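Chemist: The lines below spell out each chain.
Number of protein chains: 4
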Amino acid sequence: MAKIKNKQETELGFGNKNYSESVRFLNRDGSVNVKRNSIGKHANFDIFHWLITISWTKFIILIVNGYIVVNTIFAFIYYFIGADKFGGIAIGYGLENFMQLFFFSAQTLTTVGYGHIYPNSSFVSTIAAVESMFGLLGFALATGILYGRFSRPKADIEYSSQALIAPYSDHKAFMFRIANQKQNELIEIECQLALAINNPKTKKRDFHFLDLERQKINFLSTSWTIVHPINEVSPILSLTETDLATSDAEFIILIKAINDTYSQTVYSRMSYKPSEIIWNAKFVPLKTNPVGNGTISMNLKDIHLFEKIQESIS
Amino acid sequence: MAKIKNKQETELGFGNKNYSESVRFLNRDGSVNVKRNSIGKHANFDIFHWLITISWTKFIILIVNGYIVVNTIFAFIYYFIGADKFGGIAIGYGLENFMQLFFFSAQTLTTVGYGHIYPNSSFVSTIAAVESMFGLLGFALATGILYGRFSRPKADIEYSSQALIAPYSDHKAFMFRIANQKQNELIEIECQLALAINNPKTKKRDFHFLDLERQKINFLSTSWTIVHPINEVSPILSLTETDLATSDAEFIILIKAINDTYSQTVYSRMSYKPSEIIWNAKFVPLKTNPVGNGTISMNLKDIHLFEKIQESIS
Amino acid sequence: MAKIKNKQETELGFGNKNYSESVRFLNRDGSVNVKRNSIGKHANFDIFHWLITISWTKFIILIVNGYIVVNTIFAFIYYFIGADKFGGIAIGYGLENFMQLFFFSAQTLTTVGYGHIYPNSSFVSTIAAVESMFGLLGFALATGILYGRFSRPKADIEYSSQALIAPYSDHKAFMFRIANQKQNELIEIECQLALAINNPKTKKRDFHFLDLERQKINFLSTSWTIVHPINEVSPILSLTETDLATSDAEFIILIKAINDTYSQTVYSRMSYKPSEIIWNAKFVPLKTNPVGNGTISMNLKDIHLFEKIQESIS
Amino acid sequence: MAKIKNKQETELGFGNKNYSESVRFLNRDGSVNVKRNSIGKHANFDIFHWLITISWTKFIILIVNGYIVVNTIFAFIYYFIGADKFGGIAIGYGLENFMQLFFFSAQTLTTVGYGHIYPNSSFVSTIAAVESMFGLLGFALATGILYGRFSRPKADIEYSSQALIAPYSDHKAFMFRIANQKQNELIEIECQLALAINNPKTKKRDFHFLDLERQKINFLSTSWTIVHPINEVSPILSLTETDLATSDAEFIILIKAINDTYSQTVYSRMSYKPSEIIWNAKFVPLKTNPVGNGTISMNLKDIHLFEKIQESIS
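So the sequences go chain by chain: A, B, C and D.
When we follow the numbering used here, the leftmost residue of the first sequence carries the number 1, and every step to the right adds one.
When we follow the numbering used here, the leftmost residue of the second sequence carries the number 1, and every step to the right adds one.
When we follow the numbering used here, the leftmost residue of the third sequence carries the number 1, and every step to the right adds one.
When we follow the numbering used here, the leftmost residue of the fourth sequence carries the number 1, and every step to the right adds one.
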């Protein structure tokens, strides 16, 4: 995460167009607000990405529906070949036969194969051999993706609901606070802070990397208050609260860390828009208490707490 | 991707032989145009690499054929042991028996095991026990590779079909444009550009790393135009369109990024030969429009668009 | 593991509160002594982290109990639907039926499906189809986690049971010794040493990074004695054994290496409290002997051996 | 792979003891020649490392034997419970029953479950339920390791069978040649060369990092000749062929690269002892020929070819 600093032309990868309406490059959940449409030969749908990132509810519905659909298709095939080609089946009405063939299909797809119904001709045996093979591959793939969803490296970082601008040393500073939501440990945490802002003179959207008081810490065990000192070299030194709003500013946060469970590098992104920034407030110090055996305890929700301060800053 | 710069002897790893006929080190799909032949003790066939990188069509044909071949082999073994060693089988003509044993084999390999036919002697039971064991291992391995193919980290980067050489600042510049084909996000994208070119004096093939206006961006959300300014320090300052062609030039691109789905480092490679470079043209600015909720929309195919310019450059 | 050195405000990520009672940020097994409590919308329980890191005993108990519980639930469902809806069952007393349905459930969940008992109505067939599907997914997930536990990158580093402070060059030094417990190879081992100590003046807990004689080695084949020279720039130059104890000092060790089996980056952490530090002692040189064929042999437990020295240091 | 250079005390991690007999830290296959013995509480056997690194022959023998042993154990358990507790079994002599129970066990472990023999009491049903559960977990784990063996990142680098010392520029140089044995591509290849040598004055074994003409290349498509110029700063400037042998010198090579199939960082190690170094010889330039379509062809075994030169060097 080496900083590339080029005062004239800092580039974050979002383009530098100044839009007529307000835009937000990063949502608060870290997703990127750009739709890339594709027409023609290159389909841009990435099925693996989709299966890994959809919600658990959607994923389970997908698996269950896929199971029903595949069994229905095979049940129809078996039905049209004829229920009399099966041994052990109780020949009855159409629906009755169909249901029995549907369950024969399920028993074949999952390879449970009770055998009270069994294929009794070469043709249905062939279909059943194909079904059991695809059943094995399909379930194992579903399981692989299930495991992939579980083991996917994530940085579940809790960001303070508001960013603050408050007096700091001789000047003021932009600051926000983060903590690790999960029980795992995040180590070697690095932060990079950038600002996207409309430039009224050039009619372009400028990007500025903002210096941090500290760019890296070794553990994110309690919380970390990330501070951009608004000093002489800061591009926002002269901006007021109104300026930030009218220039459609967006403070973009990139965090990189190591998730200790699997020694994986993980990334987290977030952004604050002017409406999420409180002026003249400071964070309430985090309460961390020893609870015996050398252990310290904290409450995760405390990282959102701040209090207004009297001293006014411009 | 630290740059190693040694004006006398830059080395890319392709050797520095000046070939009598035109060569291309990198294909447009990023594959390397070198065949390494191996004779004797070290076979250089890497079956895992092959299974992961062959096309989906080939992979599925391979799985299906493997399934048929293995079942045929076991069916022959069972047939020569004798169909009378099985319980539940309807003893008939040769082919009839063979087909039943083939399907018994499939039911054993997939562990579906209906049981209407079952091994009825120790010898066939042993063969069946071996088959079911290899069936389990084989299918699971096939599935592992199937999952490996899905989860393989890829950078599906769309390169502009042409590179351009156009006036830029006080001089001219070599430029091309890239975008992410897929829905996933690529972050921390770095580019390195090198030139392979025949040197008429030394009769060797020289390699030069070409400076870029910007070597790294944080997001590849829209597109990125990568620019090599052809200034005083550029090795191609004095070369004309004809020079590039006669010296069999090749512009080699190496891109490194993080695929956000799995936090994996991914690589992409491409090269432009002189016939793929347009002189005196510039890229049409990418149309990115806000579509509500702060979201921006773009069309992927627009990155190929360029227009000829009047101003002539030498 | 770039060092961030800021004499005024070194930050390790544990906060800088000076606690009234003694705390230990890192346990000797490397776990972090901070409890992050979460109330409300964000549950901070990470099931994957938990399943990967619990002991083998707990993991196996969990799998076995899960298997029993799931089968019991399905057995109850089948029982309340009615044993007469099954074919092949020997209808008897309640418990007798229940046990047969319990084993039918197990045969369905594992897809073994002998078939001597089989579902004989659409309703029980549906339940059985669901059970076999979840059985496949559940077992495969359990297996994935089982494999994840095996393949998890770990640095099993043996730390000398005591750290030593002994004369060294013109001054004295803080030192400890490490070795690789396992047969695999650790390469490119880096160490970072930090000190957490109460500052009586500021009533805060200060963090200092301590310089090492050598920060990185290429192989951890035998042992490595890590040395912090207590020279003029060391923050502990003037401290005595009593000072370390009263200021609740903690020497925090962070080790990063590559595990050669899977080319994975692995981390190890440990800390020494004053009670685990011996003054005026030195490590007994490790006995490494050639055992033929160029091979060297060592005993892992020898890394703990030290001997008191006469020369007194203050 | 940052170089740590400390002329007085370079440390590679092998200790600095000067042994009475000749030692070799690294074998030609890259394995490390150090045995770490462990007595007492910490067993240092890493079963995953072992299962991943043993030969294919051993691995397959292990799987097959494990399968036989587990089935034999369960067959004994079933046998002692009594063959009459099973349905469908043909009660006969002891061995006859045992074999049938052995195959019942195999059908349960693999979940093939034909069902012509089935458990007919709660006790044997319980054992069978346990067996099928451990069968599922065991096979899936075996498969995971099988896949782990296939997908394990490896750098299959072919080293020239001899290293050469030959005139080079104004002085001489130590050089060897490498190529990629496999079809995959290795990119961003870095090399580090170190020398372990007995120091007759200090009676210790010194380690020196040796400067390379070039430390990194981008592709290992053809071959790479790695050159250490023996100039004024080289620690071996004044040493003769005899000196290297009597001081038990070992040239230790560490190579790091990216395997392109899975974007994995891979490592390779090798060492040359004095008997594997040819003085006054140079490598035969590698024949690389264009074979049409811009493709270049080479023979892997050519990297071993060298020729003696007339010009004598001391």
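Since the hints were made in silico from the structure, they are not lab data.
Any given hint might turn out to be false.
A pair counts as met if it fits within one copy or between any two copies, since identical chains are not told apart.
[What the hints assert, rightly or not] In silico EDC-like cross-links for lysine to aspartate or glutamate, where the CA-CA straight-line distance does not exceed 20 angstroms: (1) Lys-17 <-> Asp-84; (2) Lys-35 <-> Asp-170; (3) Lys-287 <-> Glu-307; (4) Lys-85 <-> Glu-96; (5) Lys-154 <-> Asp-29; (6) Lys-35 <-> Asp-156; (7) Lys-216 <-> Glu-190; (8) Lys-35 <-> Asp-260; (9) Lys-154 <-> Asp-260; (10) Lys-308 <-> Asp-248; (11) Lys-301 <-> Glu-276; (12) Lys-35 <-> Glu-96; (13) Lys-204 <-> Asp-248; (14) Lys-287 <-> Asp-206; (15) Lys-201 <-> Asp-260; (16) Lys-308 <-> Asp-211; (17) Lys-201 <-> Asp-170; (18) Lys-154 <-> Glu-276; (19) Lys-301 <-> Glu-96; (20) Lys-273 <-> Asp-46; (21) Lys-282 <-> Glu-307; (22) Lys-203 <-> Glu-21; (23) Lys-301 <-> Asp-46; (24) Lys-203 <-> Asp-156; (25) Lys-58 <-> Asp-211.
Just so we're clear, the structure is a prediction, and the values are computed from it rather than from any experiment.
Chemist: Checking each numbered hint in turn, tell me which of them this model violates, lowest number first.
Modeler: Hints 1, 2, 10, 12, 15, 16, 17, 18, 19, 20, 24 and 25 not satisfied by this model.
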